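Trainee: Residue-level listing of the chains:
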Amino acid sequence: MSRILIVDDETSILKALQRLLRAAPCVYGTKQFALEVVACELPSEALKRARQEEFDLFISDYRMPEMDGIEFLKQARAIQPDAARLILSGYADLNALVRAVNEVGIERFVGKPWNDYELMSAIAQALAHRELLLENRQLADLVRMEMGDKTAEQVEAERLERLEPGITRVNWGPDGSVVLDDEN
Amino acid sequence: MDAFVWDHRYVTGETQVDNEHQELVRIINALIDLESKYASPETVTQVLDQLVNYAVVHFANEEALMAENQCDPRFVDRHVAVHRSFAEQVVRLRASSVDGSDLEYLLNFLTSWLAQHILGLDKAMVRQIELIRGGNTPQAAYDMAAKITTDPATSSMLDAMASLYRIISARNDALTELNRNLEAKVEARTHELAIANQKLATEHAEMKSLLSQVRLAQQQLLQSEKMAAIGQLAAGVAHEINNPIGFVNSNLGSLKGYTTNLLNLITAYESGQPEAIAAARQAADLEFLREDLPSLLAESQEGLDRVTRIVQDLKDFSRIDQAERQRADLNSAMHSTLNVVRNELKYKADVIVELGEVPEVDCVPAQLNQVFMNLLVNAAQAIPERGKIFVRSGTEGDQVWFEIEDTGCGMSPETRERIFEPFFTTKPVGKGTGLGLSISYDIIVKRHHGRLDVQSEPGKGTTFRIWLPIEQPAVA
Chain A
1 MSRILIVDDE TSILKALQRL LRAAPCVYGT KQFALEVVAC ELPSEALKRA RQEEFDLFIS
61 DYRMPEMDGI EFLKQARAIQ PDAARLILSG YADLNALVRA VNEVGIERFV GKPWNDYELM
121 SAIAQALAHR ELLLENRQLA DLVRMEMGDK TAEQVEAERL ERLEPGITRV NWGPDGSVVL
181 DDEN
Chain B
1 MDAFVWDHRY VTGETQVDNE HQELVRIINA LIDLESKYAS PETVTQVLDQ LVNYAVVHFA
61 NEEALMAENQ CDPRFVDRHV AVHRSFAEQV VRLRASSVDG SDLEYLLNFL TSWLAQHILG
121 LDKAMVRQIE LIRGGNTPQA AYDMAAKITT DPATSSMLDA MASLYRIISA RNDALTELNR
181 NLEAKVEART HELAIANQKL ATEHAEMKSL LSQVRLAQQQ LLQSEKMAAI GQLAAGVAHE
241 INNPIGFVNS NLGSLKGYTT NLLNLITAYE SGQPEAIAAA RQAADLEFLR EDLPSLLAES
301 QEGLDRVTRI VQDLKDFSRI DQAERQRADL NSAMHSTLNV VRNELKYKAD VIVELGEVPE
361 VDCVPAQLNQ VFMNLLVNAA QAIPERGKIF VRSGTEGDQV WFEIEDTGCG MSPETRERIF
421 EPFFTTKPVG KGTGLGLSIS YDIIVKRHHG RLDVQSEPGK GTTFRIWLPI EQPAVA
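The listed protein sequences correspond, in order, to chains A and B. Under our numbering, the first sequence has 154 at position 154, and the numbering climbs by one with no breaks. Under our numbering, the second sequence has 14 at position 14, and the numbering climbs by one with no breaks.
Derived by calculation from the structure, the hints in this document are not laboratory data. Just to be clear, a hint being listed does not mean it is correct.
Distance condition first, Cα-Cα at most 25 Å in a straight line; then the derived DSS-like pairs of lysine-lysine [said to hold, decoys possible]:
1. A:48 to B:446
2. B:256 to B:315
3. B:346 to A:15
4. B:388 to B:446
5. B:346 to A:74
6. B:446 to A:15
7. B:446 to B:208
Over 10 Å on every C-beta distance to chain B, these chain A residues come out as not near it, computed from the model [said to hold, decoys possible]:
8. 32
9. 38
10. 82
11. 90
12. 129
Predicted, not measured: the structure shown is a model, and the values here were computed from it. Every residue gets a Cβ at the ideal spot worked out from N, C-alpha and C, and that includes glycine.
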């Protein structure tokens, strides 16, 4: 089951996307993805969900209250670096596009109004690409462990780090104390 | 004036000379007659010419007579000189005195001169000629003639007159010379003036063409500023239109799937096979459809309504029939502008609209829409995170006012002084043309005879207030 988090300040968009993702097949090559969709109207709410649950893909609008899509995806990446990212927007100037690609490393930029088929294949492609990367990394880690390049501890530490960025680093306070939770 | 009366005193005794003198007197009298009848200048000139010609002939005859009798050269020279001077004087005076009082002056001069000349020099000449004919030498004749004074009073008076005449004649010469100089100067001046005038005319034409170029440039600026403002809006409008079209379009796709499932279900019911019905129900997820279909349709309907409204607002905002002066309800103009820019504003501010009673105003609505839009977009851009924009209106006396207040960053006094300058902007490159407020000022103050007041406090926000006369002055 692939979990997708969608952020858009427009409820009707969220509902239309939920209908689409519920019914349409999400297929890449021979691979079919079963989807579970979480929809949020506010970026802050979405970030909150992202801290609590794991997602495979973030889909964000660009123009939103609170913060724009790029800012949201940036923060989401900090929380879950392995999730794929996608922008679905009716408008973005060139600056926004450049920032989206350079700063956030989005998988795709899909314009509104979207074509259902294209959107589904973009989602499927993003998910497949992500799976491939993860599998690749896992295999590479296995090989490195076998070859003795990496210890099992290192691999486990990297896994934990991906799960909870920053968990394997100790954050020292100025007075020598250990800061467990610096911002949230 | 009185005619020249010929009497025995003028008779010299030399028949030819006397005849010619009488002819001269006749011509002068003809002139006097013409003058009293206000004859045309042409006629006067003609007779004057006749007089001059005759005088020249007469002088030649007198001079020939003196030569024939071998008069004393001292006398001959003086006599000839007087003749020449007279001819010159008459020719000169003639040029300027054919009309009005000058003619009278000329005639006076002629009669006086003739009388004095005959009584003086001519009589002296004849006396000398008689003495020479009587056997005296010219020198002796000259000396004797000088001594013969029939009447000492007359003689000395004639001398005095002769010298007076010489003085006047010299003065006249000087005056004429001066006159001629003056005329030359006037002519030169006139010429200079004409050149200067021509230069001025050229400059004026240049200025005029420059002015029309400036006007054209201003028009283009106005237009390009409008385009720039609309460009800024395009972002909001595109977003606002693409969103509903996006979900309506996607909903239609879902609806297609739903319909297929429902039709399949009906087919299954028609077949009457319980297994087929159960399978079709399962595939259609009827419970979900019951819930979702109405909301799908309602949402889609709402989305299409939104697109329709946006397009209508855009049309209202940029209506071509509002580009002329007319009476317009500016509250509704403000509403349509607000609808167009709402997409630009809604991520930055809550818009609080408090429009009061406003009568219809004599104005160009399209231009005022542009001003409203400038002020609203500026207000939104002045708000860093999230704030409020108040839009108010009202009437006071023979003026209406519109106010746009924001809770944005405000302006320093230095900035406030410069906001109406063209190309002055505090926005980053590419975000503003620097023309919005200068053009707004032009539209309100120059084109609508209104006022644009600003109040601003750094950190608190800015308020713009537009004042417009309800009636425009007769000559706009």
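Trainee: Now tell me, hint by hint, if it's right for this structure.
Mentor: Results for each hint:
1. This hinted pair does not check out: residue 48 of chain A and residue 446 of chain B have alpha carbons roughly 55 Å apart, beyond 25 Å.
2. Taking the CA atoms of residue 256 of chain B and residue 315 of chain B, the gap is about 33 Å. The hint is violated against a cut of 25 Å.
3. Under the criterion of a C-alpha separation no larger than 25 Å, the hint pairing residue 346 of chain B with residue 15 of chain A is consistent with the structure, at around 22 Å.
4. With a CA separation close to 30 Å, the supplied pair residue 388 of chain B and residue 446 of chain B exceeds the 25 Å bound.
5. For the given pair, residue 346 of chain B sits about 23 Å from residue 74 of chain A by alpha-carbon distance, which is consistent with the 25 Å threshold.
6. In summary, the hint linking residue 446 of chain B to residue 15 of chain A is not supported, as the alpha carbons are separated by about 52 Å, beyond the 25 Å threshold.
7. Distance restraint check for residue 446 of chain B and residue 208 of chain B: the Cα-Cα separation of roughly 20 Å lies within the 25 Å cut-off, and the hinted pair is therefore satisfied.
8. For residue 32 of chain A, the requirement that its beta carbon stay farther than 10 Å from each beta carbon of chain B is met, with the minimum near 17 Å.
9. No Cβ of chain B approaches the Cβ of residue 38 of chain A within 10 Å, the least distance being about 18 Å, so the stated non-interface status holds.
10. Annotated as non-interface, residue 82 of chain A keeps its C-beta farther than 10 Å from every C-beta of chain B; the closest such distance is 28 Å.
11. Against the 10 Å criterion, residue 90 of chain A falls within the reach of chain B, whose nearest CB is about 3 Å from its own CB.
12. Look at residue 129 of chain A: its CB is around 23 Å from the nearest CB on chain B, clear of 10 Å, so calling it non-interface holds up.
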